[in-house]
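Based on the sequences and whatever the hints tell you, model everything.
Number of protein chains: 2
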Amino acid sequence: MTHTPNENVLARKLWNAGPLDPEDLRRLDQVIADPFELDAREDLIQHGEDPQNVHLVLSGMVCRYKVLPNGKRAIVALMLPGDICDLHVAILGRMDHSIGTLTDCRLVKISRRTIDDLLDNHPRIRRALFWSTLVDEAILREWLVNMGRRRADQQMAHLFCEVHARLNAVDRMHGALLPLTQEELADILGISSVHAQRVLSGLRKKELVTVQDSRVALPDIRRIREFAQFEGDYLHLGEAADSGD
Amino acid sequence: MTHTPNENVLARKLWNAGPLDPEDLRRLDQVIADPFELDAREDLIQHGEDPQNVHLVLSGMVCRYKVLPNGKRAIVALMLPGDICDLHVAILGRMDHSIGTLTDCRLVKISRRTIDDLLDNHPRIRRALFWSTLVDEAILREWLVNMGRRRADQQMAHLFCEVHARLNAVDRMHGALLPLTQEELADILGISSVHAQRVLSGLRKKELVTVQDSRVALPDIRRIREFAQFEGDYLHLGEAADSGD
DNA sequence: CGCGTCTTTGAAGAGAATCAAGTAACGTGG
DNA sequence: CCACGTTACTTGATTCTCTTCAAAGACGCG
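From first to last, the protein sequence lines are chains A and B.
Position 36 of the first sequence, counting from 1, maps to 36 under the working numbering, and the rest follow consecutively.
So the mapping is simple: the working numbering equals the position in the second sequence, first residue as 1, plus 245.
Hints are not guaranteed to be accurate.
Computed spacing ranges between beta-carbons, pair by pair [what the hints assert, rightly or not]:
hint, chain 1, residue 1, chain 2, residue 2, range
1, B, Pro424, A, Val194, 36 to 46 angstroms
2, A, Asn121, B, Arg357, 40 to 50 angstroms
3, A, Val194, B, Asp465, 36 to 46 angstroms
4, A, His47, B, Gln442, 33 to 43 angstroms
5, B, Gln442, A, Glu23, 19 to 29 angstroms
Stretches of chain A that chain B covers, calculated by requiring three or more beta carbons in the stretch to come under 8 angstroms of a beta carbon on chain B [said to hold, decoys possible]:
hint, segment
6, 24 to 35
7, 127 to 136
These aren't lab readings, by the way, just hints derived from the structure by calculation.
For every residue, glycine included, the Cβ atom is placed at its ideal position computed from N, Cα and C.
Have a look at this one:
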């Protein structure tokens, strides 16, 4: 359907916003030319910094988080392959939160100059970047609804559905997702890790998820989507988000 | 300090992103030339629509909301004078939520064509619009933290502090804010209206807020900010957000 | 093996939802 | 002018979800 153009995850992600020209694709290939590796649980940027680079995820999982005065951590976004972590810094300046890896990652640094070039001289890419920012916002809105209005079990199921759909949009994946500890899961959902454990084992008992070495899989997408009241439209991925897998 | 350029609330808002040229200001004056009025509790756009216009708030208060299968409403954003309600539609297409007024409002419709013109041909305005989108995102992140991690009384106090700071950034206001019913307040905070009442009267008892005909005022900004653990940096307003009033 | 990290389970208690009544303020029509 | 309906606010009692504290089991690793 929306047949992605190449092996460049950034291009694949932005392709969801609409077709790009071969010239755009070449530019995007340059952008991801020089990746580097990072272990799990390392910070990319910390609150208050004013970094000169923007980061793109090629593989692995990265999160935005804030630490509260009482020491608790709130994870406010999950970045998957193809996601740009912090377009902010190119425009907003000082970081109002931190960014760190959850798993081992392959990443690319993009300079502010490159971002400015993409925004100023490549209208289709600019539009696509704007699109991805707006989608990020839509995801935040859904997380807000999720947190405020749903019980923890539905909320957790909803998160799984979302990650599943987002991974599908950049890379048809086969099998497992979410290499998260229960504490990280709790920090995303805004619940205690003890409760996260109980909720997760509840979902397992309902056979909505299976877990193998702290990796979650969804054996029956349709059923868990129904349970979570998951409506993928907010991801703005076209049919990709709606298809079972 | 950041002395706003004129009586145009859109220009004032965007001025927070950085200075604009006289030419930009003239263009923005054209944009808001033809306002219209709307009563409280009217929908501007509903979930699923694909509208041809974007809306700007000149006065009053507008909200984004989603309605859940169980009939409950979740308010996921508050738009104040100077805020553009739905840049989304110009880029994302189908609405994934609804937008409605909370109070009587003065608004402006902006056509998609105008938005495209601003984005394509006015680099400083484009940058400012991008800035405002990223600030909206930052606000959502803070709401998410607020909802997930703070007790309802701190959460409510935090909301009051935010609205106070945002109103100050476009228009030094004198006195009252938030003409909200307790049910609307509850729909923002993700709590029941009964609990909202108890929490509000708790804040009143602590003399952190005063209420007159369902309008909240903050008699001692410094004290309520401390209570709410409010740090205004996420609003990216420079000193405007930090000053008491 | 021992150590740390993560997971699992139990019991007690706080915060918020829900259900239920009752009060206050306001506009409307008789 | 008052009875009435409507809407918002207030209060109490009960129930539910989740937290906190505590401890024990599982797993991987030097």
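Okay, the hints, checked on the actual structure:
no.: 1; hint: B:Pro424 to A:Val194: 36 to 46 angstroms; verdict: holds (41 angstroms)
no.: 2; hint: A:Asn121 to B:Arg357: 40 to 50 angstroms; verdict: violated (23 angstroms)
no.: 3; hint: A:Val194 to B:Asp465: 36 to 46 angstroms; verdict: holds (38 angstroms)
no.: 4; hint: A:His47 to B:Gln442: 33 to 43 angstroms; verdict: holds (35 angstroms)
no.: 5; hint: B:Gln442 to A:Glu23: 19 to 29 angstroms; verdict: violated (59 angstroms)
no.: 6; hint: 24 to 35; verdict: violated (count 0)
no.: 7; hint: 127 to 136; verdict: holds (count 7)
In this structure, the earlier hints numbered 2, 5, 6 are contradicted, and the remaining ones agree with it.
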